[in-house]
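Protein sequence lines, in the order shown, are assigned to chains R and C. Under the working numbering, the residue at position 345 of the first sequence is numbered 345, and the numbers go up by one with no gaps. Under the working numbering, the residue at position 406 of the second sequence is numbered 406, and the numbers go up by one with no gaps.
Hints listed in this document are in silico derivations from the structure and should not be mistaken for laboratory results. Fair warning: there could be bad hints in the mix.
Unchecked claim - Taking lysine-lysine and the DSS-like style, the derived pairs with C-alpha atoms no more than 30 Å apart in a straight line are:
| hint | chain 1 | residue 1 | chain 2 | residue 2 |
| --- | --- | --- | --- | --- |
| 1 | C | Lys87 | C | Lys138 |
| 2 | C | Lys2 | R | Lys119 |
| 3 | C | Lys87 | R | Lys87 |
| 4 | C | Lys2 | C | Lys482 |
| 5 | R | Lys138 | C | Lys515 |
| 6 | C | Lys533 | C | Lys515 |
| 7 | C | Lys515 | R | Lys119 |
| 8 | R | Lys34 | R | Lys533 |
| 9 | C | Lys2 | C | Lys515 |
| 10 | R | Lys102 | C | Lys482 |
To be verified - Calculated from the model, a selection of chain R residues having no Cβ within reach of chain C, i.e. all distances over 12 Å:
| hint | residue |
| --- | --- |
| 11 | Arg126 |
| 12 | His178 |
| 13 | Pro276 |
Because the structure is a prediction, the values reported are computed rather than measured. Cβ atoms here follow ideal geometry from the backbone N, Cα and C, with glycine treated the same way.
Protein chains: 2
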Amino acid sequence: MKWSQTLIPTLKEVPVDAEVPSHRLMVRAGMIRKLISGVYCYLPLGVRVLQRATAVVREEMNRAGAQEVLLPALQPLSLWRESGRDKVMAEVFYQFTDRRQKELVLGPTHEEVITDLVKTGVSSYRHLPLVLYQIQTKFRDEPRPRSGVIRSCEFIMKDGYSFHANVESLQRTYRTMHDAYHRVFERCGVQVVACEADTGAMGGRLSHEFMAPSPSGEDTIVRCSVCRYAANRDAAACVSSVKAPVAPAAAEPVREVATPGVSTVEQVSRLLKVTPKQLVKTLIVEADGAPVAALVRGDHEVHLAKLARLLGVASVQLASAEVIQRLTGAPVGFAGPVGLSGVKIIADASVEGLIGVVTGANRADTHLVNVSIARDVRVDQVGDVRYVTGEDVCPSCRQPLRFEQAIEVGHIFQLGTRYSERLGLTVADETGRVMPVIMGCYGIGVNRIVASAIEQRHDEQGIIWPRALSPYDVLVAQVSAKPEAVALAGRLQQELEAAGYTVLWDDRDCSAGVKFNDADLIGIPVRIVIGDKGLSRGEVEVQPRGDREGRRAVPPDQVALEVKNALDRGAMAPVA
Amino acid sequence: MKWSQTLIPTLKEVPVDAEVPSHRLMVRAGMIRKLISGVYCYLPLGVRVLQRATAVVREEMNRAGAQEVLLPALQPLSLWRESGRDKVMAEVFYQFTDRRQKELVLGPTHEEVITDLVKTGVSSYRHLPLVLYQIQTKFRDEPRPRSGVIRSCEFIMKDGYSFHANVESLQRTYRTMHDAYHRVFERCGVQVVACEADTGAMGGRLSHEFMAPSPSGEDTIVRCSVCRYAANRDAAACVSSVKAPVAPAAAEPVREVATPGVSTVEQVSRLLKVTPKQLVKTLIVEADGAPVAALVRGDHEVHLAKLARLLGVASVQLASAEVIQRLTGAPVGFAGPVGLSGVKIIADASVEGLIGVVTGANRADTHLVNVSIARDVRVDQVGDVRYVTGEDVCPSCRQPLRFEQAIEVGHIFQLGTRYSERLGLTVADETGRVMPVIMGCYGIGVNRIVASAIEQRHDEQGIIWPRALSPYDVLVAQVSAKPEAVALAGRLQQELEAAGYTVLWDDRDCSAGVKFNDADLIGIPVRIVIGDKGLSRGEVEVQPRGDREGRRAVPPDQVALEVKNALDRGAMAPVA
Numbered sequence: 001m002k003w004s005q006t007l008i009p010t011l012k013e014v015p016v017d018a019e020v021p022s023h024r025l026m027v028r029a030g031m032i033r034k035l036i037s038g039v040y041c042y043l044p045l046g047v048r049v050l051q052r053a054t055a056v057v058r059e060e061m062n063r064a065g066a067q068e069v070l071l072p073a074l075q076p077l078s079l080w081r082e083s084g085r086d087k088v089m090a091e092v093f094y095q096f097t098d099r100r101q102k103e104l105v106l107g108p109t110h111e112e113v114i115t116d117l118v119k120t121g122v123s124s125y126r127h128l129p130l131v132l133y134q135i136q137t138k139f140r141d142e143p144r145p146r147s148g149v150i151r152s153c154e155f156i157m158k159d160g161y162s163f164h165a166n167v168e169s170l171q172r173t174y175r176t177m178h179d180a181y182h183r184v185f186e187r188c189g190v191q192v193v194a195c196e197a198d199t200g201a202m203g204g205r206l207s208h209e210f211m212a213p214s215p216s217g218e219d220t221i222v223r224c225s226v227c228r229y230a231a232n233r234d235a236a237a238c239v240s241s242v243k244a245p246v247a248p249a250a251a252e253p254v255r256e257v258a259t260p261g262v263s264t265v266e267q268v269s270r271l272l273k274v275t276p277k278q279l280v281k282t283l284i285v286e287a288d289g290a291p292v293a294a295l296v297r298g299d300h301e302v303h304l305a306k307l308a309r310l311l312g313v314a315s316v317q318l319a320s321a322e323v324i325q326r327l328t329g330a331p332v333g334f335a336g337p338v339g340l341s342g343v344k345i346i347a348d349a350s351v352e353g354l355i356g357v358v359t360g361a362n363r364a365d366t367h368l369v370n371v372s373i374a375r376d377v378r379v380d381q382v383g384d385v386r387y388v389t390g391e392d393v394c395p396s397c398r399q400p401l402r403f404e405q406a407i408e409v410g411h412i413f414q415l416g417t418r419y420s421e422r423l424g425l426t427v428a429d430e431t432g433r434v435m436p437v438i439m440g441c442y443g444i445g446v447n448r449i450v451a452s453a454i455e456q457r458h459d460e461q462g463i464i465w466p467r468a469l470s471p472y473d474v475l476v477a478q479v480s481a482k483p484e485a486v487a488l489a490g491r492l493q494q495e496l497e498a499a500g501y502t503v504l505w506d507d508r509d510c511s512a513g514v515k516f517n518d519a520d521l522i523g524i525p526v527r528i529v530i531g532d533k534g535l536s537r538g539e540v541e542v543q544p545r546g547d548r549e550g551r552r553a554v555p556p557d558q559v560a561l562e563v564k565n566a567l568d569r570g571a572m573a574p575v576a
Numbered sequence: 001m002k003w004s005q006t007l008i009p010t011l012k013e014v015p016v017d018a019e020v021p022s023h024r025l026m027v028r029a030g031m032i033r034k035l036i037s038g039v040y041c042y043l044p045l046g047v048r049v050l051q052r053a054t055a056v057v058r059e060e061m062n063r064a065g066a067q068e069v070l071l072p073a074l075q076p077l078s079l080w081r082e083s084g085r086d087k088v089m090a091e092v093f094y095q096f097t098d099r100r101q102k103e104l105v106l107g108p109t110h111e112e113v114i115t116d117l118v119k120t121g122v123s124s125y126r127h128l129p130l131v132l133y134q135i136q137t138k139f140r141d142e143p144r145p146r147s148g149v150i151r152s153c154e155f156i157m158k159d160g161y162s163f164h165a166n167v168e169s170l171q172r173t174y175r176t177m178h179d180a181y182h183r184v185f186e187r188c189g190v191q192v193v194a195c196e197a198d199t200g201a202m203g204g205r206l207s208h209e210f211m212a213p214s215p216s217g218e219d220t221i222v223r224c225s226v227c228r229y230a231a232n233r234d235a236a237a238c239v240s241s242v243k244a245p246v247a248p249a250a251a252e253p254v255r256e257v258a259t260p261g262v263s264t265v266e267q268v269s270r271l272l273k274v275t276p277k278q279l280v281k282t283l284i285v286e287a288d289g290a291p292v293a294a295l296v297r298g299d300h301e302v303h304l305a306k307l308a309r310l311l312g313v314a315s316v317q318l319a320s321a322e323v324i325q326r327l328t329g330a331p332v333g334f335a336g337p338v339g340l341s342g343v344k345i346i347a348d349a350s351v352e353g354l355i356g357v358v359t360g361a362n363r364a365d366t367h368l369v370n371v372s373i374a375r376d377v378r379v380d381q382v383g384d385v386r387y388v389t390g391e392d393v394c395p396s397c398r399q400p401l402r403f404e405q406a407i408e409v410g411h412i413f414q415l416g417t418r419y420s421e422r423l424g425l426t427v428a429d430e431t432g433r434v435m436p437v438i439m440g441c442y443g444i445g446v447n448r449i450v451a452s453a454i455e456q457r458h459d460e461q462g463i464i465w466p467r468a469l470s471p472y473d474v475l476v477a478q479v480s481a482k483p484e485a486v487a488l489a490g491r492l493q494q495e496l497e498a499a500g501y502t503v504l505w506d507d508r509d510c511s512a513g514v515k516f517n518d519a520d521l522i523g524i525p526v527r528i529v530i531g532d533k534g535l536s537r538g539e540v541e542v543q544p545r546g547d548r549e550g551r552r553a554v555p556p557d558q559v560a561l562e563v564k565n566a567l568d569r570g571a572m573a574p575v576a
């Protein structure tokens, strides 16, 4: 392909609204252009990369035995009412009525539609297991679209769904998908970590996120420094490295101290000259409407979802100021566990047994000191109800943890029967008994594969494509305008294409400097330079992207071999 | 692929809402399922066919030098206001506002977005010509979705757009696309006729529709019985085969006759004992607001778009009863051209010179007889302002025309500067002068390729796929349940796949009758039957779909060769 016959509008300027490298580079390399906030046009270079990523995903899904379907974006809202997700998803729905006054939404995901579809044709355990997937456009009215195509309102997802007669079958398919996901990302040159994850609005019991480490990621993952344990910070179990009392064991009596107008952990610790660890926070929440007090250390953060799971309730929300006043007799900021009645008290495991700590006094402008949890507090239940911190250790091997930012590129779930029960997808088992089908679901953000590859593989000058995603294998930078140069460029393009490589020939009427900068920017693995000097010596230059040392001057006849060597070496290109 | 591991829910029953064969067969063959009116899920068999059609389209577009892009479905309504199409397209828009109160529509087409996009990076004639295309999902809130995927609300379109510095360049690309379209449809086994077409809401001067003849088609095309002339009935020029006066030439004076309560052509001709051809209808219309009278013969139909073109106005609409009463002094149904003043009178060419005809008298319950157009009517302009009929002849060679129903599978347009002018897409020419870019656009309905192939190739039993679209090349119908049959089916699948064929192995636990019926229904070109009798003779049966005479019993070792022969012959399979 000649550059002059396609549309690759590279930019020198950094787009003002682009904060992360992949966004900047995709715009500058002429891969994408914004139409409106969170909605992007893909230009020819962008489409080529997207298609390569799509092809890898499709191959691995087919290899894993999944069957491709194609479901509509237009979905009836009534289906979401049936599944009970109309409210929880309303936040991201694009919703409207058609000319027949039917309430429609644009599909942000397809559990409902596929569950409904599979009712056609699946009625016996003998039809199972069944694994279906699609590669299709999703729509989400994101509160904060950002980072280019990483969080956008219209994006391409591979979403797969599996259907089973028993849990063992689900677990087998889950493992198969887990492995297929690793192959997808490895082939696309994206490093990922499979993390234990929260199931969120999707529901179900077990899920793993595939996280691509990158400073541009929105998520924080927690990894063991020794073993393979990894989890999303939102899902990581807390195992404290210290279990000892935080203050001297002298069991002095509880005492009130005046803390006028001082209620935050920072303010109280400063006033009372203790560390935040010597405080115990009392958070009043409503668990499915019933008030609950949750105790965590001053340096910890309560995790409402963990609290909900521990309590076995559907939702936990912060209590209103009125409820807090009524329960504690004090304004917000002075709640404490000592003498607190009419409310269940849950203590995080790290609070259990603490001695000599500071708590609220259930009285305005007052705190208690010398509180001993075991002696002074009626704890109803102890559990893990906080976010993990750097002082916690690996739940598997008790070694230190490290924290890292990452981009979620895939997410797999063991859904169970949540959707099949509500939407009536059942099969008869061997004995004729009718039972709900057990389901799993499996998502990959295809655009995010592309963005993550760039986040992990770029330098100051531009993108460094892994060969599997590169829009072309070879760039012919024809910097000499001599007729021999044009002829040679044409000949090399033909030869390389005949050898199975894809070639972009930069035939533009512009300076060598512009061509070299653009070549670095768009990041094609191998560049062939046809310049005046080389021509006079009967040579062209073959240069791997991201490897200045790998530059070779060779006669035109050796170009194909040199390209092969460079591409083989290029599989090892550095990660930024 | 084993049938038991995929989802092909065939049906014996004909779906109640399916009126045309392709709709019935796609549902019965388990290719599609309706989600809501005009919105379909594609199941595995449907996706495979859709992907094969898509691949052919993509190959031919790439071969024609077009570059693939991917544009969003979410579009700002403001762009449509800029192009001036917000009102004319409002009818089919799905329209809504996002959380940022931005007015959005789902793209029914992409002229606006691509014109806006190409402004990035194209500023000089040297960047042109440029041809871009995408294969992407379109959304139209159809008034009457019908015929399954032929007229649906969510569908896949290949839409291409070309950009030029001069008209000659547009014409070259138009011809290239014209040829590429013929190759696409030929490769997909769909017979098409390229027809002169109306440009409609798209605008521009010249367009061709690619029409697949089928009794299920919504469109009527007109073809010459001798030469290659073909046109959509809506666009066909009228050349009458008769030009003589329709009544005896005796020039009797005009006379009023009472026609109480009788105003339609049928009623008047019956009452006055003349044929509809001896009547001249006078239609009062408003052309950009100004009243105009159009005269056509009683057996003809006025063509408002032709009238608008002849008058050089943007829109022609039927006048209201009030306007008609005011202009003619008579109620609707009695307008006539004799003595009509204050209005431009346009006569269709077939009316010119008529003698002794009946017209309205501009008086209630009254008509005129013995009207001679030349003598009695002040005609301001004569032209082609009616729909073609079976009495017209080919405008090219004056031979008889024939009419046929057809499905529009493609449409190409020479748009000119309509979009570039309104959206500000300009380039500098050789002299530095800034000029609007000249555009073309090129659409193919991918789902309609599939439906049209079925419409043209099916029998009572089911689909007869052309090989290029077939979901699999070979169906192995394993009707014997013996272990040898299972082993042989597995072996044949492996061998045929190794030879490059795609194979569906019907391994279901059901009767031979069900398997044979389903095989005919899903229409895979070659069926291999492994039955008890054949096995005992060391033979399997190889049978081309739609060719009972082509059945062969062969030893397993000769299957691959026989499959090759059958597929080669199958290219000639009959068209229904």
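Going through the hints against the structure:
no.	hint	verdict
1	C:Lys87 / C:Lys138	holds, 18 Å
2	C:Lys2 / R:Lys119	holds, 20 Å
3	C:Lys87 / R:Lys87	violated, 34 Å
4	C:Lys2 / C:Lys482	holds, 17 Å
5	R:Lys138 / C:Lys515	violated, 37 Å
6	C:Lys533 / C:Lys515	holds, 16 Å
7	C:Lys515 / R:Lys119	holds, 22 Å
8	R:Lys34 / R:Lys533	violated, 41 Å
9	C:Lys2 / C:Lys515	holds, 13 Å
10	R:Lys102 / C:Lys482	violated, 52 Å
11	Arg126	violated, 7 Å
12	His178	holds, 20 Å
13	Pro276	holds, 37 Å
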